[in-house]
Amino acid sequence: MKRIANDLASAIEQAVRQAQQAGDLPHFEIPPFKVSRPSRVDHGDYATNAALQIQSVAGMKGQSRAIAEMLMRHLPESDYVDSVDIAGPGFINFRLSDSWLQAQVDLILAEGDRFAQMDDFVGKKAQVECVSANPTGPLTVGRVRGGIIGDTLARLLRSMGYAVELEYYFNNAGAQMRKLGESLQARYCERLGLDFTFPDKGYQGEYIGDLAESLIQDNGDGLKESSWEVFKNFAEEHIFHMIRNSLTRIGIEFDTFFNENTVYEDGSIWNVLEDLSGRGLTYKALAPERDPDADLRPDQDDLDAAATGEATWIRIRQIRDAKKDVALVRSNGEPTYRLPDIAYHVNKMDRGFDLAVNILGADHIEEARDVKAILGALGYDQNRLQHIIHQFVTLTENSKTKRMSTRKGEFVTLDELANEVGADAVRYFLLKHAPNTHMDFDLDLARQQSNENPVYYIQNAHVRCSGIARQADERNLSFALGNVELLTDPAELSLIRKMMELPEVIERSVQELEPHKIAIWAHEELAHSFHQTYEEARAMHSDVPEALALARLKLYAAAKIVLKRTLTLMGMSAPESM
RNA sequence: GCCCCUGUAGCUCAGUGGACAGAGCGGCAGCCUUCUAAGCUGAUGGUCGCAGGUUCGAGUCCUGCCAGGGGCACCA
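This note's numbering applies: residue 1 is where the first sequence begins, and numbers increase by one.
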């Protein structure tokens with residue numbers, strides 16, 4: 001499948017070289033230039049700033065229009081360009097030919113579900129890690145945001161040829177899980193009227209009470225002498241089950257679950273530590289080394305901890321720009337979270353992924369940088385690991401903003417949300433914002449707007465296509481007989497133009513690791529263009545001659561494919577009716 | 001205090017160093033005898049937080065300031 005922007009870029013490079021050989025332009029190294037979609041339609045379908053970029057390296061400042069003319073003269077012929085012209089300060093604008101556009105309709109139909117399936121990375125393996133919540137409670141909206149970004153990215157990577165694994169990293173051991181077990185134990189005793197002490201900073205959510213209730217139903221008071229581990233195991237199993245169900249409900253299915261315990265059990269945390277030590281990157285000390293000039297707050301935690309003995313530190317300041325070294329092993333000999341995390345990522349690298357992307361909340365940014373830098377220090381190509389850091393979701397209800405906290409039981413769960421607005425809306429709403437935006441989730445607005453939502457706008461485009469197809473069926477009309485050369489109306493051609501953008505949108509979403517781009521495009525570009533065309537170019541109105549009707553049926557059959565493909569890439573359903 | 005992220009229409013947010021800054025929602029004015037109006041069209045709405053700088057060109061890059069969020073654990 002041809003991507004015009006890439007094709008034009010090489011054509012322009014060729015033109016520059018030809019112009020240089022012909023002596024029309026002086027010799028210089030071709031500067032980076034862009035082939036982009038102009039914001040205004042009358043600027044054509046594609047535009048390049050090549051001439052503007054060249055003017056300074058060619059020593060021809062202010063002569064960019066002349067350079068553009070030169071390039072135009074040396075451009076190779078192509079089957080898809082109808083006209084080329086120079087505009088403004090020296091942009092070269094390209095317009096696609098009608099006949100090429102018309103032919104794309106047949107092409108889309110031939111490709112079907114594989115439309116916009118590209119082969120750039122065929123044979124390459126990618127992994128996307130997201131959610132990775134420990135099983136201490138229901139998924140919060142914030143975690144789900146990462147899950148949706150990750151799952152969508154995985155779908156986009158697959159459409160570019162990668163074999164992708166979606167992975168969930170979790171830990172069912174440790175202090176937090178113990179706290180969970182103790183919280184459940186306390187609630188269990190409480191409901192049986194027994195003595196209980198609720199743990200300090202325990203889990204206060206209602207779901208703990210529900211779990212206690214079901215324990216009582218199954219066991220009565222038979223567990224009153226049991227240890228917290230029994231409660232922890234029960235809670236863990238149920239909560240994990242609940243998390244997986246919730247995720248399945250919004251179309252997220254993980255290929256692999258990786259337990260942090262693995263890197264303890266196979267000894268790899270100690271191997272990694274040895275490797276780092278062998279490279280002189282660790283030391284034992286009471287307190288971390290820090291930048292002498294760094295204005296760090298006097299750290300009482302460090303002082304307190306130093307009293308317990310020497311910990312093992314990594315010289316993180318040596319391998320990346322940081323202010324203070326980081327602990328890998330506590331003075332009591334137990335690893336901190338960092339060490340297994342490093343071992344886990346070494347494990348990922350050794351599993352041979354050409355690309356591993358982690359979706360993390362903003363509070364993990366320092367950790368992300370540490371891990372990446374450490375992988376580099378261990379001799380791995382750092383570029384194989386990428387991160388998408390997303391900002392937090394704040395929740396507004398009754399005009400009051402609150403930070404969500406699993407421990408305090410203050411959160412909106414995925415299930416509650418999906419119940420109120422539907423799975424597709426949850427996906428779309430959390431996907432459509434750039435990862436870097438601090439998004440505000442107004443629950444009242446989400447409820448109220450559930451009928452006035454971009455989700456329905458996009459899906460309705462697909463529904464309309466289905467409606468047309470149904471009507472055609474009833475009248476025994478088959479689009480197979482349609483002649484695409486009759487699609488000459490500007491409205492028809494602009495829809496074809498829009499559909500042909502999908503591969504480029506996917507490519508950019510992947511390149512920039514910003515899957516929200518496809519969500520925005522699906523709404524404001526594709527669906528909008530569809531609805532405009534639909535109003536303008538009726539397929540089976542009595543005024544429309546049969547030949548044109550058949551051609552339009554074909555256009556809308558192609559549109560249906562592109563809409564469905566786009567919705568599927570976003571993990572959303574493509575309904576036949578509403 | 002230091003570091004990171006963010007500040008764009010009334011609200012929620014797009015915006016690849018380019019050509020007159022966009023969408024949805026809300027509000028205003030129109031559009032259904034024929035494929036679902038969950039739609040279309042038009043008007044209104046902006047000192048792109050503030051001040052400098054770099055550039056042929058800055059919402060976009062740099063510096064400083066202001067405001068909000070996150071981090072600066074021998075937590076994860």
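Rather than coming from a laboratory, the hints here were simulated on the basis of the structure. Accuracy of the hints is not assured; some may be wrong.
In silico SDA-like links for lysine to any residue, alpha-carbon gap of 20 Å or less [what the hints assert, rightly or not]:
1. Lys-284 / Glu-237
2. Lys-324 / Glu-253
3. Lys-124 / Gly-280
4. Lys-498 / Asp-79
5. Lys-564 / Asp-113
6. Lys-61 / Asn-49
7. Lys-323 / Tyr-380
8. Lys-498 / Tyr-380
9. Lys-284 / Tyr-337
10. Lys-564 / Gly-467
11. Lys-125 / Lys-498
12. Lys-224 / His-241
The structure presented is a predicted model; accordingly, all values stated were derived computationally and were not measured.
Verification of the supplied hints:
1. Lys-284 / Glu-237: Violated, at about 39 Å.
2. Lys-324 / Glu-253: violated, 39 Å
3. Lys-124 / Gly-280: violated, 34 Å
4. Lys-498 / Asp-79: holds, 19 Å
5. Lys-564 / Asp-113: Roughly 8 Å separates the two Cα atoms, so the pair holds.
6. Lys-61 / Asn-49: The given pair, whose Cα atoms are some 14 Å apart, holds under the 20 Å limit.
7. Lys-323 / Tyr-380: Violated: Lys-323 and Tyr-380 sit about 24 Å apart, past 20 Å.
8. Lys-498 / Tyr-380: Violated - the C-alpha atoms of Tyr-380 and Lys-498 are around 41 Å apart, more than 20 Å.
9. Lys-284 / Tyr-337: Since the Cα atoms of Lys-284 and Tyr-337 sit roughly 17 Å apart, the hinted pair holds (cutoff 20 Å).
10. Lys-564 / Gly-467: holds, 14 Å
11. Lys-125 / Lys-498: Measuring from Cα to Cα gives roughly 30 Å; hence the hint is violated.
12. Lys-224 / His-241: violated, 25 Å
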